Amino acid sequence: ITISGMDGFAVAAPFTGKHVVQQSLNERLFLNLHCVSLSFALLGNIIGSGIFVSPKGVLENASSVGLAIIVWVATGVITAIGALCYAELGVTIPKSGGDYSYVKDIFGGLAGFLRLWIALLVIYPTNQAVIALTFSNYVLQPLFPSCIPPENGLRLLAAVCLLLLTWVNCYSVRWATRVQDVFTAGKLLALGLIIVMGFVQICKGHYYWLEPAHAFETFRDYDIGLIALAFLQGSFAYGGWNFLNYVTEELVDPYRNLPRAIFISIPLVTFVYVFANVAYVTAMSPQELLASNAVAVTFGEKLLGVMSWIMPISVALSTFGGVNGSLFTSSRLFFAGAREGHLPRLLAMIHVGRCTPIPALLFTCISTLLMLCTSDIYTLINYVGFINYLFYGVTVAGQIVLRIKEPNMYRPIKVSLIWPVIYLLFWAFLLVFSLYSEPVVCGVGLAIMMTGVPVYFLGIYWENKPQCFDTNIGEEILPF
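Numbering (my numbering), first residue to last: 1 to 480.
None of these hints come from the bench; they were simulated from the model. Only a predicted model underlies this, so the values are computations on that prediction, with no experimental measurement involved. A virtual CB, placed ideally from N, CA and C, is assigned to each residue, including glycine. Check the hints yourself; a few may be wrong.
Result set (DSSO-like, lysine-lysine): computed pairs, CA atoms no more than 30 Å apart in a straight line [as the list claims (entries may be wrong)]: (1) Lys-302 <-> Lys-204; (2) Lys-302 <-> Lys-56; (3) Lys-56 <-> Lys-204; (4) Lys-414 <-> Lys-95; (5) Lys-95 <-> Lys-405.
What follows is a list of derived Cβ distance ranges for each label pair [claimed, not checked]: (6) Lys-405 <-> Cys-373: 42 to 52 Å; (7) Met-450 <-> His-214: 43 to 53 Å; (8) Val-432 <-> Asn-408: 17 to 27 Å; (9) Phe-144 <-> Val-421: 45 to 55 Å; (10) Tyr-222 <-> Leu-304: 33 to 43 Å.
All chains, full assembly: derive it from the sequences and hints.
Encoded structure:
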């Protein structure tokens, strides 16, 4: 079943087991994603604007340089544990859609829909808008050295970035992964420069704040709730670690390549993040770092002199790749949700020739462009950040539930249950004390998520609706 497109294009019908031709199309799609591309894609999806924004938030809540470094290391370890748990789920339930697919299969349709609902409504559009605006800000800032770039110019360049990368992702999966490869390499080179300069500073004796006697000097008293928020800030920088689970169906030999990509990428990300923060404190005091809204730029101004323009460019490269990775991931999530009947069927279609989920990509792009109309998207990110991490814990809990319910299920990758238990203990600490420290922010996030409950029961669960509720236009536009 196809819908004819313009210029000889066609869009495949919903990708389900009932359409064998669609399965073969998907098999053609996944042959494009090999281990090297997977590792670069995961690196590119994790390393984005977070490393240039989160250091201030982590340090501010950790209250000392030493504890901030510990938070960065511990967050990397927890991220690796979470990724391994997700790897088992990814090959046990080999569906694109990531934690949405796992939560839906294990806990039922409502839980899966709520995960999809909050991602659709706020998480991905606001996250992509923030990254795109960060990109445009660092591109334009050198052109306006004495003032803030015009807001309309920032939004316009962010929109151009989104439209360009949407076209790339629509045109070819291979092109999208190549963009990720190139810009990931560029940002790693830039961060490598920061790390090398940090080591140079250490060799020169500029490591006052790294000495044990000074590293744990506090600028305010330690607070368990603030430490939880420090982990939350660090986790934001590691966001995207579950990227590969959204494209499981497109992987070559996922049983081998998925854990390989995790073991290559996440330790490298942790190394980069820890030593980038070490480099920052060799050039800046904690007070200077906390006073800066652009840590990497301040670092460059202190050490690079006339070459300080490298820092804005490196951030721009990082965020450009981040937008590409987020578009790639979110479109697959919405594609999977539509395929399950939780979103309009139009989003479950793929291009016959290019094997790309064009409708889902266009929807993602449009929703992100709408977010560019408002400037208060950072508050929205704070609201939904709590919910995002809540669903990470729910998903890992689902791994344990699945072990109990289906002990004989075939699991090509099987991790010890001690790892999901450790992960859940960490997230319980994080969420409980984050809620204690920021009850309003977390409460609003919960409220946004719960608006999906009536939508689910009216639109999906209620199957025998009266004629007046039948909005199934052409049986392709709406899921209910």
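Against the structure, the hints:
A C-alpha spacing of about 15 Å is found between Lys-302 and Lys-204, which places the hinted pair at or below 30 Å, so the restraint holds. For the hint linking Lys-302 to Lys-56, the alpha-carbon distance of about 17 Å falls within 30 Å, and the restraint holds. Pair hint Lys-56 plus Lys-204 holds up; C-alpha atoms about 25 Å apart against a cutoff of 30 Å. As the CA atoms of Lys-414 and Lys-95 are separated by approximately 17 Å, the hinted pair is consistent with the 30 Å bound.
Restraint check for Lys-95 and Lys-405: satisfied, since their Cα atoms lie roughly 19 Å apart, inside the 30 Å limit. Range check, Lys-405 to Cys-373: Cβ separation about 45 Å, and the 42 to 52 Å hint holds. The beta-carbon spacing between Met-450 and His-214, approximately 46 Å, falls within the hinted interval of 43 to 53 Å. With their beta carbons about 35 Å apart, Val-432 and Asn-408 fall outside the hinted range of 17 to 27 Å.
Checked against the hint of 45 to 55 Å, the pair Phe-144 and Val-421 passes, with Cβ atoms roughly 51 Å apart. For Tyr-222 and Leu-304, the Cβ-Cβ distance of about 34 Å falls inside the hinted range of 33 to 43 Å, so the restraint holds.
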